[in-house]
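2 protein chains.
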Amino acid sequence: MQLHEMSIDAFQARLATGEAEPLDWWQTCRERIAAREPEVQAWEFLGPEVEQVPAEGALRGVPVGIKDIIDTCDMPTAWGTGGYLKSDGALVDAAVVTLLQQQGALMMGKTVSTEFAYFTPGKTRNPHDISRTPGGSSSGSAAAVADGMAPLALGTQTAGSIIRPASYCGIYGFKPTFGTVSMAGIKPFAPSLDTLGWFARHIEDICTTYSTLTRAPAIEALPDLSGIRVGVRSLPGDETLSADVIQALRQAHERFEQAGASVFALPLDIRFDALVEHQKVVLAYEAAQSLASEYQRHAHQMGPTLVELIQQGQALTYARYREGQIATAELRQVLSRSFEEEVDVVLAASAPGVAPRGLDATGDPLFCRAWTLLGVPCLNLPIGQGEQGLPVGVQLIGDRYGDDRLLSIARTLMRSPAG
Amino acid sequence: MQLHEMSIDAFQARLATGEAEPLDWWQTCRERIAAREPEVQAWEFLGPEVEQVPAEGALRGVPVGIKDIIDTCDMPTAWGTGGYLKSDGALVDAAVVTLLQQQGALMMGKTVSTEFAYFTPGKTRNPHDISRTPGGSSSGSAAAVADGMAPLALGTQTAGSIIRPASYCGIYGFKPTFGTVSMAGIKPFAPSLDTLGWFARHIEDICTTYSTLTRAPAIEALPDLSGIRVGVRSLPGDETLSADVIQALRQAHERFEQAGASVFALPLDIRFDALVEHQKVVLAYEAAQSLASEYQRHAHQMGPTLVELIQQGQALTYARYREGQIATAELRQVLSRSFEEEVDVVLAASAPGVAPRGLDATGDPLFCRAWTLLGVPCLNLPIGQGEQGLPVGVQLIGDRYGDDRLLSIARTLMRSPAG
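Order-wise, the sequence lines are chains A and B.
Okay, so the first sequence: first residue is 7 according to my numbering, each after it adds one.
Okay, so the second sequence: first residue is 7 according to my numbering, each after it adds one.
Pulled out of the complex, with its shape left as it was, chain A reads as follows:
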């Protein structure tokens, strides 16, 4: 197996036996970047060469891409603004940077983000077809991982900024339960929604990163999925799905059944249908507040979609915002009861279809909005194929704080032979 195709645990095993040197993965990724970056354009800034690798840690020698809305001391941060707001180096690294470094990870560089992680695209292209968007807002992180430039990269999700690019780029993308990993040192956009997550090419690497960052026990695969109840339900509902997505969901469905799980259509209370709209309200209201200072100074330099969002948020009443928050708090409990009583994991659409053509937009986060608002863990599985063989993912969703269960089921599923 090529080094850039290896899993984190496999690399650690090679390090332990002396078959690999601590800087091998870093060098392989640098070479890959040198070859591919002119086409893919995943990086805003490449970090300095690493000279020493920490002696220990679950992520020893693992190169990581850092989304460019995450503060770093020894690399600039520009929040996807193209430079109208730019720090040459933060006073303090974002917490997650230190937490990763303490486990031996190596900071490869800053990956391209849309403007403040909203919709104005950066330069990055989809490695599967460079005439298409990689999705956003974590565009560079998804493209870098999909293209073998880094085995692991950080993203954030406020609407669909991890799951959608993971689906478009054909990789795993994981948004853990809201609040799982500290956002300290990451610019807030809509703080009720903003969640740190990560991309990888292996489900095992998603799991290793989760248990490393939370210091929770390692995620084990189950013997099989017998007894596991899979509820199929997209938000918004199934009547809006494209043929590509229906096909990907069917593949996932069959694979679950082959592994012993039972699959059924999950009935959800009619109130869940309002969540997409509530998410838009919460996002706009909070973004208008959070970016008040940036808007005050830089509105004339901002992209029109961001200006429009902030103005929408300014026009919203607090009463409408509150309505969304109160309805959501109630539905979080309703969904938790459903996870307690009738379902182990929800299977849902990740995105409307394959990555759209063009680099002037990053696609629609529609199928992620409600789940992000609910704060539940979401995992994109790179399982389907659409037109021209382009990737179409599906997402698995777990209960709030049920990340370990979700990942364990996913790990078992993806180890099972495909149907």
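Among the hints, erroneous ones may be present.
[Said to hold, decoys possible] Stretch by stretch, here's where chain A covers chain B in the computed footprint (C-beta under 8 Å, at least three residues):
| hint | region |
| --- | --- |
| 1 | 100 to 111 |
| 2 | 182 to 192 |
| 3 | 220 to 226 |
| 4 | 292 to 304 |
| 5 | 320 to 327 |
| 6 | 336 to 346 |
[As the list claims (entries may be wrong)] What follows is a list of derived Cβ distance ranges for each label pair:
| hint | chain 1 | residue 1 | chain 2 | residue 2 | range |
| --- | --- | --- | --- | --- | --- |
| 7 | A | GLU260 | B | TYR90 | 56 to 64 Å |
| 8 | A | ALA280 | B | ALA16 | 39 to 47 Å |
| 9 | B | ARG326 | A | ALA16 | 48 to 56 Å |
Note that these hints are calculated values from the structure, not bench results.
These figures come from a predicted structure and were not determined experimentally.
From the three backbone atoms N, C-alpha and C, an ideal C-beta is built for every residue, glycine too.
Model the placement of chain B on the given structure of chain A, informed by the hints.
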């Protein structure tokens, strides 16, 4: 009435009639600071002189103290570290600074905070007795407002950092519902708990600031409090209260009854008793994550209480943290049902008693921990007197997102003649 004793609305009325000039309040506060700062030591940094006041805004000409964990461009920020971490000026102001300035408020300076808003005290003294602590972590903001150095000052609360100093300093302190005002540009400590709030000498000013920052309708007083149900319940329970606090609660109780409200002992589910411990767990776990980078570089310069907290947090399991979060989410809904069905406002202890002697500690946030974890709005009423005539507050607590109702009841109560 002296200018420094005036309410915001009264000052706006004088501006409108030409009886006051826009910079009058600023000048009065500067004079007060010049006279009193050597004793009180509320300020970490005094801002530059203001030369022009915005032409409009609900807070036009109102000087505001900014807690020194809140980013500012034209003033340094040192997060209560005494300088081992210090920014000479942030790239972007914290969102709340811009939101206040857009309403015409004037930034007076940065007020003293404990170290990262935890327990290591700054230099500030209690204006009522300079041998005593003003409380913390928002020490300078509370002392400045209590001493007439500013009519309004910002604080943050993660355990009891607004309510406790307000109680010790004999002023109003308001922690709105979690998430009400953006924390963008404010260093996170425990992001599930950290809440921005403010201090004032008038309940009307607490209300004006709330409706200005949320752009919600103005808070009106009710004709009287008949029909209002006041549930008395401290967390932890009443058996732990000191004589001073019991006396203050009795005064509030009587005043409510005189205004027509009915007062009763609120029964709360036994599970609420676990919230104080859950709050400590959530706080330590999140602080260890959020301050990972600061700890990595500056542990040797940190105060021992902060180091101990971070080490406690590092030793906690994710499973224990999750247990606290899940229990809290459930109890938030239980409490909301109680607000829907049986109670309009909860009356509770703010602090264990009057401000403790000495400047080497800032007192105990015990009686605020559970409410902060629940995310409900809390308002300190400066209503009682303890030994040597020192202030003892009580807090009123409303339902999550029921801030307007809570403030309206408080405004009505405090207008009613004291018993």
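Going down the list of hints, with the structure as the test:
no. : hint                           : verdict
1   : 100 to 111                     : holds (count 6)
2   : 182 to 192                     : holds (count 6)
3   : 220 to 226                     : holds (count 3)
4   : 292 to 304                     : holds (count 9)
5   : 320 to 327                     : holds (count 3)
6   : 336 to 346                     : holds (count 4)
7   : A:GLU260 / B:TYR90: 56 to 64 Å : holds (59 Å)
8   : A:ALA280 / B:ALA16: 39 to 47 Å : holds (43 Å)
9   : B:ARG326 / A:ALA16: 48 to 56 Å : violated (32 Å)
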